[in-house]
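The residues making up each chain are set out below.
There are 2 protein chains.
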Amino acid sequence: MVVNRVAVTDAADPRLSDYVALRDTSLRRSLESERGLFIAEGEKVIRRAIEAGHRPRSFLLAERWIGGLSDLIERHPGAPVYVVTEALAEQVTGFHVHRGALASLHRAEPTPMADLLGLGRLVVAEDIVDHTNVGAIIRNAAGLGWDGVLLAPRAADPLYRRSVKVSMGTVFSLPWARVDDWATAIPTLQGAGFTVVALALTADAVSLDHYAAGARPDKLAVVVGTEGDGLSRRWVEQADAVVQIPMQHGVDSLNVAAATAVACWALR
Amino acid sequence: MVVNRVAVTDAADPRLSDYVALRDTSLRRSLESERGLFIAEGEKVIRRAIEAGHRPRSFLLAERWIGGLSDLIERHPGAPVYVVTEALAEQVTGFHVHRGALASLHRAEPTPMADLLGLGRLVVAEDIVDHTNVGAIIRNAAGLGWDGVLLAPRAADPLYRRSVKVSMGTVFSLPWARVDDWATAIPTLQGAGFTVVALALTADAVSLDHYAAGARPDKLAVVVGTEGDGLSRRWVEQADAVVQIPMQHGVDSLNVAAATAVACWALR
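Heads up: the protein sequence lines correspond to chains C and G, in order. Position 178 of the first sequence, counting from 1, maps to 178 under the UniProt record's numbering, and the rest follow consecutively. Position 183 of the second sequence, counting from 1, maps to 183 under the UniProt record's numbering, and the rest follow consecutively.
By construction, these hints were calculated from the structure, which means they are not laboratory data. One thing to keep in mind: the hints can contain errors.
[To be verified] Pulled from the structure, derived: some chain C residues nowhere near chain G, Cβ distances all over 10 Å: (1) S17; (2) L37; (3) D71; (4) E90; (5) V129; (6) A192; (7) T195; (8) N255; (9) A261.
[As the list claims (entries may be wrong)] Simulated coverage check for chain G against chain C, where a stretch passes if three residues somewhere in it have a Cβ under 8 Å from a Cβ of chain C: (10) 133 to 145; (11) 257 to 268.
Note that this is a predicted model, so its numbers are computed, not measured. C-beta atoms are modelled at their ideal positions from N, C-alpha and C, and glycine is treated no differently.
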C-alpha cells in the first residue's frame, strides 16, 4: 500500500491548518469558504463524501484508523495522510474526535438549481441559518422519500460539519442546490411546473389536513422558513397556496425540521 | 415593592451555588437532583414555571431585569433576588445569559403516572437520554394536540435547562409523568384502555400509512425509543401493534423527535 504518510507532532504545524478549531463556527465558515473545503468526520461519512464526488485534500487520523480507510487513501495518492495521536488531534480541532478519522475535502462543483427542476417533490428552505435545522431538513426530506432540497442564498451550509452530522450523511445522497436568485426562485419553480406551497402561519393559511385531502399535484415544492420571522412576504405572496399545521395547547409552532417532516409525510 | 435584594459581587459566593456551571451536564444532573431544583431562563419561562406550580428558591438577574419580574418577586418574598452584573452572571454560569434573568426553582411534586391514564392520546418515550430530544418530543406532542407524555425511568429530565428551552416551555403546560415501573408500564396502559402502538423498525412492523388508515382507537399510546438501539424487546412485544414510518433513499430512520411528530400527525 502506498501511503503518503506524514507523522505530525506539533499542533501548530501549518499543514494541519485545514483542521483547526472545528468548533469555532464563525472562524470555520470563513476558512472553509476561502479554501473551498469542508471537513468530514468518521470513516462512513468520509467514504460517502468521496463517493459523492468530493476529492480529498488530506486525511488526519490516528495510526489505528489507517486500515479502515486504506482503499480510499490508496486511490488518492495526492492527499497526504497526517498521522497524529488522539491528544494532538484534540489539540488541533478543539474537541475529542470520537470517530477517530477526519478528512478535508475539496467541495465539488455545486449542483445547479436547474438540475433539480426535473424532479417531482422538493423542499425549499428559505433563510434557515441554523446548521442543525438544515441537516435535519435534508434528513427528513430524504427519509420521507422527497426528491431534493433547494436552499435560499442565506440558508446554512449543508456541508458544514454539524449539518453533515445531523443529516446522517444524507447531504451526500439527496440532491440539493442553492436557488439562483432569491427574487425569482418561486416563479422559476412555477415555470418548471411546480405547485408551490408555503408553510406559514398567516391568517388566511389553509390547514395542512385540508390541503392534503385535495388533489395532489404532479410536481410539488414545499417552502419552509425560519421559526422566528417565518417566510419572507415575497415568497408567501408568490406561492400558489399557504398552508399551516394547526397548533394546539397554545404552542406557536413546531421546530422547522419537525414541521418539514410533518409536511413531507402529509404531502408525500 | 418589597424586594429581598442581595447585591453579589463575588462569583465564588456560595449563595450563587444553585447557578454554577450550567453547561456542565453531569455536574448539573447530580447537583439538581440532590437539591431538588431546576433552573429557568428568561422572563417568559420563569413565569410559566412558577405558574405551573414550581416555587422559586432564588432569582439571579442583572439590575435592569428586575422590573419585568417584579410581580413574581413580590409574590415570593422568601426567595432572595441576587443582583449581579452580566459579566458576573457569565462567570458563575459559564455562558452568556442571553435572556438576562435566571431563577432556581424547587421541583413541584412529580405528576403520578396514574393522572395521565384518563387522557386520550399519549406519547410514551422509552430511554431517550438526550435532553434536546425529550424537549422536542414534548413540544411536538403538545403542538400537535396530544394530551400528555410518559417517560421511562431512564429518559432525560424534562426540567433540565436544555429540555425546557427546546420544548419552548411546553414542559410546563403539557402533562407529563414518569412511568411507575418499566416492566409493567405497557400492561398498565392497556389495563387503562389504551391501544399501545410501538414505533419500531422490526421486520414485521406495519407501515404507518396502513395503520393510520384503519380504525382509530379511542385511547392511543404511541411508544418511541432511542434512535440507535430502538425500543426494548419487552416493550415491542407487549405493544398491541408495531408500526414503522417507511424510509427511502437508504435512510435508516428519522430522528426520534421528527418521527414522533410524524406519528402524532398521522394518528391525531
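Evaluated hints:
Distance check for C/S17 against chain G: the nearest CB is about 28 Å away, which clears 10 Å, and the non-interface claim stands. Chain G leaves C/L37 outside its interface by the beta-carbon criterion, the shortest separation being 26 Å against a cut-off of 10 Å. Distance to chain G confirms C/D71 as a non-interface residue, since its nearest Cβ pair spans about 20 Å, more than 10 Å. Every beta carbon of chain G lies more than 10 Å from that of C/E90, the smallest distance being close to 18 Å; the non-interface claim holds.
With a least CB separation of 16 Å from chain G, C/V129 remains clear of the 10 Å interface cut-off, as annotated. For C/A192, the requirement that its beta carbon stay farther than 10 Å from each beta carbon of chain G is met, with the minimum near 22 Å. Taking the minimum C-beta to C-beta distance to chain G, about 21 Å, the non-interface status of C/T195 holds against the 10 Å cut. Not every CB of chain G is more than 10 Å from the CB of C/N255 (nearest about 6 Å), against its label as outside the interface.
Not every CB of chain G is more than 10 Å from the CB of C/A261 (nearest about 4 Å), against its label as outside the interface. With 7 residues having a beta carbon nearer than 8 Å to a beta carbon of chain C, the region 133 to 145 of chain G meets the requirement of three or more and the stated coverage holds. Coverage of a stretch by a chain is defined here by at least three residues with a beta carbon nearer than 8 Å to that chain's beta carbons; for the region 257 to 268 of chain G and chain C the count is 7, and the condition holds.
Hints 8 and 9 from the earlier list are contradicted by this structure; the remaining hints agree with it.
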